[in-house]
Amino acid sequence: MKERFAIGFDPFVLPFLVGMVFVLGYCLFGLFRILWQLPREDRRKFLLSLITPATALKNIWDIFCNCLLHVKLWKRNKMLGFMHSSIAFGWFMLILLGHLEVFIYCPERVHLFYYPIFFNYFVANNESTIGGAVLFFLMDFFLLLVLSGIALAMIKRVRSRLFGMRRTTRPSMLDRIGLYSLWAIFPLRLLAESFTAHISGGSFLTIPANWVFRQFLGNDLNLLPTWWAYSIALGIFMVVLPFTRYMHIPAEMMLIPMRNAGLRIRHPRKGFAKMQVLSCPGCGVCIDACPMSVQKVNIKDCTVYLNRQIRRGNEKRIEEISDKCLLCGKCEAVCQVGVEGPKMRVAQRSVRRYGLTPDFAAIDTAPLVQAAAAQVSKAAAGPKVLYFSGCMTRLTPSIGKAVTSLLGKAGVEFTWMDREEGLCCGRPLLTAGRIDAALALIRKNQEIILGSGASVLLVSCPICYKIFTERYSLPGVRVVNYADFFAELLEQGRLKLEKSDICYVYHDPCELGRGCGIYETPRKLIGQAAGIAEAEKNRAESICCGGSLGSLTLDFAHREVMTRKALDNLYGSRADAIATACPLCLSTFRRYSDRPVRDLAEVLDASTVSSFQP
Amino acid sequence: MEKIAIIGGGIAGMEAARRLLQLGHEPVIVEKSDHLGGHVAGWYKLFPDMMSARELVEQLAAGLDGVTVYYRTRVANMNRLGSGYSVMLSNGVNLQCGAVLISTGFRLFDASRKEEYGYGVYDHVVTNSDLEAWLGGAPDYRIPDNPASVAFVHCVGSRDLKAGNPQCSKVCCMTAIKQAIEMKEKFPQADIWCFYMDLRLFGKKYEDFYIAAQRDHGIHFVRGRVSEVSEDIDGRVVLKAEDTLAGTPVKLSADLLVLMSGMLCNEDTQSLARMVRADVDSDGFMRSRDNIYRINESNRPGIFFAGACTGTKTVPETVGEARAAALDIHNYLSGND
Numbered sequence: 001m002k003e004r005f006a007i008g009f010d011p012f013v014l015p016f017l018v019g020m021v022f023v024l025g026y027c028l029f030g031l032f033r034i035l036w037q038l039p040r041e042d043r044r045k046f047l048l049s050l051i052t053p054a055t056a057l058k059n060i061w062d063i064f065c066n067c068l069l070h071v072k073l074w075k076r077n078k079m080l081g082f083m084h085s086s087i088a089f090g091w092f093m094l095i096l097l098g099h100l101e102v103f104i105y106c107p108e109r110v111h112l113f114y115y116p117i118f119f120n121y122f123v124a125n126n127e128s129t130i131g132g133a134v135l136f137f138l139m140d141f142f143l144l145l146v147l148s149g150i151a152l153a154m155i156k157r158v159r160s161r162l163f164g165m166r167r168t169t170r171p172s173m174l175d176r177i178g179l180y181s182l183w184a185i186f187p188l189r190l191l192a193e194s195f196t197a198h199i200s201g202g203s204f205l206t207i208p209a210n211w212v213f214r215q216f217l218g219n220d221l222n223l224l225p226t227w228w229a230y231s232i233a234l235g236i237f238m239v240v241l242p243f244t245r246y247m248h249i250p251a252e253m254m255l256i257p258m259r260n261a262g263l264r265i266r267h268p269r270k271g272f273a274k275m276q277v278l279s280c281p282g283c284g285v286c287i288d289a290c291p292m293s294v295q296k297v298n299i300k301d302c303t304v305y306l307n308r309q310i311r312r313g314n315e316k317r318i319e320e321i322s323d324k325c326l327l328c329g330k331c332e333a334v335c336q337v338g339v340e341g342p343k344m345r346v347a348q349r350s351v352r353r354y355g356l357t358p359d360f361a362a363i364d365t366a367p368l369v370q371a372a373a374a375q376v377s378k379a380a381a382g383p384k385v386l387y388f389s390g391c392m393t394r395l396t397p398s399i400g401k402a403v404t405s406l407l408g409k410a411g412v413e414f415t416w417m418d419r420e421e422g423l424c425c426g427r428p429l430l431t432a433g434r435i436d437a438a439l440a441l442i443r444k445n446q447e448i449i450l451g452s453g454a455s456v457l458l459v460s461c462p463i464c465y466k467i468f469t470e471r472y473s474l475p476g477v478r479v480v481n482y483a484d485f486f487a488e489l490l491e492q493g494r495l496k497l498e499k500s501d502i503c504y505v506y507h508d509p510c511e512l513g514r515g516c517g518i519y520e521t522p523r524k525l526i527g528q529a530a531g532i533a534e535a536e537k538n539r540a541e542s543i544c545c546g547g548s549l550g551s552l553t554l555d556f557a558h559r560e561v562m563t564r565k566a567l568d569n570l571y572g573s574r575a576d577a578i579a580t581a582c583p584l585c586l587s588t589f590r591r592y593s594d595r596p597v598r599d600l601a602e603v604l605d606a607s608t609v610s611s612f613q614p
Numbered sequence: 615m616e617k618i619a620i621i622g623g624g625i626a627g628m629e630a631a632r633r634l635l636q637l638g639h640e641p642v643i644v645e646k647s648d649h650l651g652g653h654v655a656g657w658y659k660l661f662p663d664m665m666s667a668r669e670l671v672e673q674l675a676a677g678l679d680g681v682t683v684y685y686r687t688r689v690a691n692m693n694r695l696g697s698g699y700s701v702m703l704s705n706g707v708n709l710q711c712g713a714v715l716i717s718t719g720f721r722l723f724d725a726s727r728k729e730e731y732g733y734g735v736y737d738h739v740v741t742n743s744d745l746e747a748w749l750g751g752a753p754d755y756r757i758p759d760n761p762a763s764v765a766f767v768h769c770v771g772s773r774d775l776k777a778g779n780p781q782c783s784k785v786c787c788m789t790a791i792k793q794a795i796e797m798k799e800k801f802p803q804a805d806i807w808c809f810y811m812d813l814r815l816f817g818k819k820y821e822d823f824y825i826a827a828q829r830d831h832g833i834h835f836v837r838g839r840v841s842e843v844s845e846d847i848d849g850r851v852v853l854k855a856e857d858t859l860a861g862t863p864v865k866l867s868a869d870l871l872v873l874m875s876g877m878l879c880n881e882d883t884q885s886l887a888r889m890v891r892a893d894v895d896s897d898g899f900m901r902s903r904d905n906i907y908r909i910n911e912s913n914r915p916g917i918f919f920a921g922a923c924t925g926t927k928t929v930p931e932t933v934g935e936a937r938a939a940a941l942d943i944h945n946y947l948s949g950n951d
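As you go down the protein sequences, you meet chains A and B in turn.
Be aware that the first sequence starts at 1, since it is given in the working numbering, and climbs by one per residue.
Be aware that the second sequence starts at 615, since it is given in the working numbering, and climbs by one per residue.
Hints are not guaranteed to be accurate.
[To be verified] DSS-like cross-link-like pairs, simulated, lysine-lysine; straight-line CA separation at most 30 angstroms:
| hint | chain 1 | residue 1 | chain 2 | residue 2 |
| --- | --- | --- | --- | --- |
| 1 | B | K776 | A | K316 |
| 2 | A | K565 | B | K854 |
| 3 | A | K537 | B | K854 |
| 4 | B | K776 | A | K343 |
[Claimed, not checked] For each label pair, taking beta carbons as the anchor points, the in silico distance ranges come out as:
| hint | chain 1 | residue 1 | chain 2 | residue 2 | range |
| --- | --- | --- | --- | --- | --- |
| 5 | A | R159 | B | Y907 | 53 to 63 angstroms |
| 6 | A | R443 | B | K818 | 55 to 65 angstroms |
| 7 | A | R166 | B | G934 | 32 to 42 angstroms |
| 8 | B | S885 | A | R159 | 49 to 59 angstroms |
| 9 | B | Q884 | A | E447 | 47 to 57 angstroms |
| 10 | B | S885 | A | R166 | 28 to 38 angstroms |
| 11 | B | G898 | A | R159 | 25 to 35 angstroms |
| 12 | B | V707 | A | D594 | 47 to 57 angstroms |
| 13 | A | G476 | B | L775 | 37 to 47 angstroms |
| 14 | A | R471 | B | I906 | 35 to 45 angstroms |
| 15 | A | I363 | B | Y907 | 54 to 64 angstroms |
| 16 | A | Y519 | B | I906 | 55 to 65 angstroms |
Calculated from the structure, these hints are not laboratory results.
For every residue, glycine included, the Cβ atom is placed at its ideal position computed from N, Cα and C.
Isolated chain B (complex conformation):
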């Protein structure tokens, strides 16, 4: 029975490990933080079913009995050895693996890099991730007790050449709508505004959410990018934008500004890629053999991908890819490719 190193214990790594265990292999998860579940573990509810994120992570974790997990561990070095890989970990463990699954996920765009939105400068500016954590119960001094108006800015660091990220982060449109509804439910008196470039609601039931947000929750959608944010004397954030449908400039004061930070490739992933000479794509994410049929496969034998390390993904896409990767690895190891 050969070991399989799974680098990254987010939902992709967990699901792949669970399936590989079922297929009779010995997966080992290498996780850099002290918990499994990655970004999803810090989230509150998942669209479109508003399923609890914590519940999903718990479900996935339940299937990991017998899987070795190294926490607070990174890959120090990795190289080809025989038909497999020798993976040196930062805790001194050396794994001899038949295959390696890279499921390192993404990192969130650092919203303070778009300084004009005032993240880290003004008091009441948070990111989608901060809001999600707050919704899940974590205290956040930046979020006022009873906001009269909340503004969401889409595409922060996504589809933005100036920020160096031309790609769409896929989930933020829907996340913004979901969070806008959640905020409206918490603060029914509040005015909620969404500033978007265009809404990319491609997934199952996403459009329903959008319609419900307008029809049932009275959330305002303004097409136009926010150009600048300032702070008034009371500490409220003041947004300036252009409503490109009405063709007029808009100025809005809000008690809370939520920035929909986009997804970027993890820098760690790129250093992993260098170790085994796997290709990195022009967008900084890992390059799959192709983007249609073999998304899970790298250009190196025995190196597989799952989840957001190859590009921005939703939760169901990630979980689905993890299963596919598990099957690919199984087939690769049993030689029936």
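Only chain A is shown next, with the shape it has when bound in the complex:
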């Protein structure tokens, strides 16, 4: 091996150098700014997590799996997975091997940014040694890998359906520049290395290419211009990178440690939220996932566009998008980098100031506590069950009726906390971003529940259940969803089911499924009470019924279209009836469904054969 130029420099590296210095400077500055924006305790938590070995290892592993191998994407679609991981991992390996080459052959050049990138230009006869041959083979191999990814990316631009995506985002002007320069980088590298291969050496890709080119070119005049072009493409890509969706490449590497440190969104635009916005690759997976995207007018209200508008600072659109969302959480479930679309929107809603604030502090809970406590204390030995049905169940009385009937059949003594009078669990206020008001209600409910002396809080509404498990502090009280509770009663033999002939398709309510992670228990219960079928989109991919309390602005006409779309998904299973486990899904579906819609409790109640005999 020998170096071709004693000076080790050529002007063509300048575009690359400028781009590299710019992007590094920008990212470092941005990182410091985001760290500065974090609340003090979060910053401490984050920095501590970086030096904690367990989290540090997890960070490295997660970055490797998600940023380089795109494991999540592979699970979603093999083509998408291959395309992204071939580019990311291939490029990473090219850089790594480039550094290795420099380290092995000319360690005195290690401090030069550009040397590993343009190594083949500056050296001669590398593949003559075994080590060089292996390295050059690997370089060609990974270049081929990246090129195959780029080819797929080009195909995807034209036929996204091949990659399992019905719709993708419309790239902005700068995104296009970034995209085309990215596409150009690797073919140009192939050309540049091929033109140089007879000097520097090469491998299975570059040497034959070099041979072919020399058959009709006959001179080396193309050599330098191609290296220039390669460097310019790199330079352009890096200069536009901070202003395009490719910002996700550096941002995601910081988002992962922040998430592993347990940070939460505290401000809609700063700190962790900002990191999420920057980490959005604009892939548009959330467009197909969003229940609102059944209508063209609402497509631009998906999370990917929220991120884009936040980056552009378009306040009007940010407000619109934040208010319209149903908070069903599907975009978060399918997001490859883990952008928490619903939480970002709630954070955005929480900065709004209202003229009127309800005064829940003035509510006198004493009579409610007394009423509940009097009832609870009457219960015989065993767990003291307090049943909270929630406001929505008042609009779907069949659920309350079925739950109480089942509890009666199982011989469970219970107190219906909000049968006569009760307070809201606070969830609607929380989703509207009125966090202080929600907390005031939560405190009131805590007083009632703790004052009642109950040991079990049974909740049938998943909207309430989520806030009970996440925001309430109820020491000594077990909060349990009715699905889990009935499953326990069945296990204890206190309920006996007989399979009916009806076949149900189970609709996963957003709040219970994606919200609380309860997918299998309701299915198991329904499977014991009747036949069960699966819709095409189920579990974490379940489609929101359209009735969600999350949206502040969607009107009924728009919601109806979504409901019908969600129903079509359920009809596809050819089941006789629809079962769900949320009063809101129930009432929404009942409005438009062509077949019966029943709550889990109703399904179980209809199939319960024998009553409990103590």
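With chain A held as given, fit chain B onto it using these hints.
Quick look at chain B alone, frame taken from chain A:
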């Protein structure tokens, strides 16, 4: 003499058939049920004169001697043929008609869709139509023998965007008052409550009924929508509402809850409309040429409307429209438009 297909044998179809017969045409009534008179045949008394509904239907039926009526029959297909229409019926009969009158009426809003009112969930909840049938003598286990209090909820499925029906059903305010008086007369000891958004008493003598209901019968009117209904241990229904005039929440136990279900367009009508490409309006009812002067006419030649297929109507409006439609058809067929 050309045939005229009259689709729907309710009061509109009957009255139109009677008039067309008088004008020398050959009307044919296609009726999906096994009786004529439609909804009205199941009712008890008609406001404002408290005339017997059965009597009206009988009167109308008396004029139908010589009119062919196909019961339990639907229109399978209908298309333009020459200057008229070819109407295929589900019983295999094919009618060649000079004109078609659509008088398919309305369907009642399914009160169980407003589940918060507990229809089909609680034992003592009925609709206006159920109560009317019971008043007419049909037994109904849901109606207690001696109710101490009866509550009426207006606007169930009408003027309700959530239920998908923004339109007013027109007759329910008055029906509620009429039924409230009837219940009070049957059970003088009972307290009768009406929960309304606002009272739309536009017709002749309607206001008199309202005043009489308060003054002579002591019926309570509460302005406010009922928010939820539950059931207490004795099986009584418990209503929660807001009295928006007093500005206070109200809670009331009742032995019977009557829901004033609104009128919706018949889904059958929309499929008929598709057959002949007649327009359907944004509210789901048929679209008239205009809503002022040519309510009976559709956008297709030879297709006419009468009654509640174009929107919510009272009985006198329906009967009047039927007569007008008969004259329109007569003029259309004799070419002197």
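Structure-based check of each hint:
1. B/K776 to A/K316: 28 angstroms, holds
2. A/K565 to B/K854: 34 angstroms, violated
3. A/K537 to B/K854: 39 angstroms, violated
4. B/K776 to A/K343: 27 angstroms, holds
5. A/R159 to B/Y907: 53 to 63 angstroms: This hint holds: roughly 56 angstroms between Cβ atoms.
6. A/R443 to B/K818: 55 to 65 angstroms: Since A/R443 and B/K818 have Cβ atoms about 58 angstroms apart, the given range 55 to 65 angstroms holds.
7. A/R166 to B/G934: 32 to 42 angstroms: 54 angstroms, violated
8. B/S885 to A/R159: 49 to 59 angstroms: 39 angstroms, violated
9. B/Q884 to A/E447: 47 to 57 angstroms: 54 angstroms, holds
10. B/S885 to A/R166: 28 to 38 angstroms: Between B/S885 and A/R166, where Cβ atoms are some 32 angstroms apart, the hint holds.
11. B/G898 to A/R159: 25 to 35 angstroms: Violated, at about 41 angstroms.
12. B/V707 to A/D594: 47 to 57 angstroms: 30 angstroms, violated
13. A/G476 to B/L775: 37 to 47 angstroms: Holds: the Cβ-Cβ distance is about 44 angstroms, inside 37 to 47 angstroms.
14. A/R471 to B/I906: 35 to 45 angstroms: The hinted range 35 to 45 angstroms is violated for A/R471 and B/I906, with Cβ atoms some 57 angstroms apart.
15. A/I363 to B/Y907: 54 to 64 angstroms: Check passed, 58 angstroms falls within 54 to 64 angstroms.
16. A/Y519 to B/I906: 55 to 65 angstroms: Roughly 57 angstroms apart at Cβ, these two residues keep to the hinted range, so it holds.
Violated hints for the displayed structure, listed by number in ascending order: 2, 3, 7, 8, 11, 12, 14.
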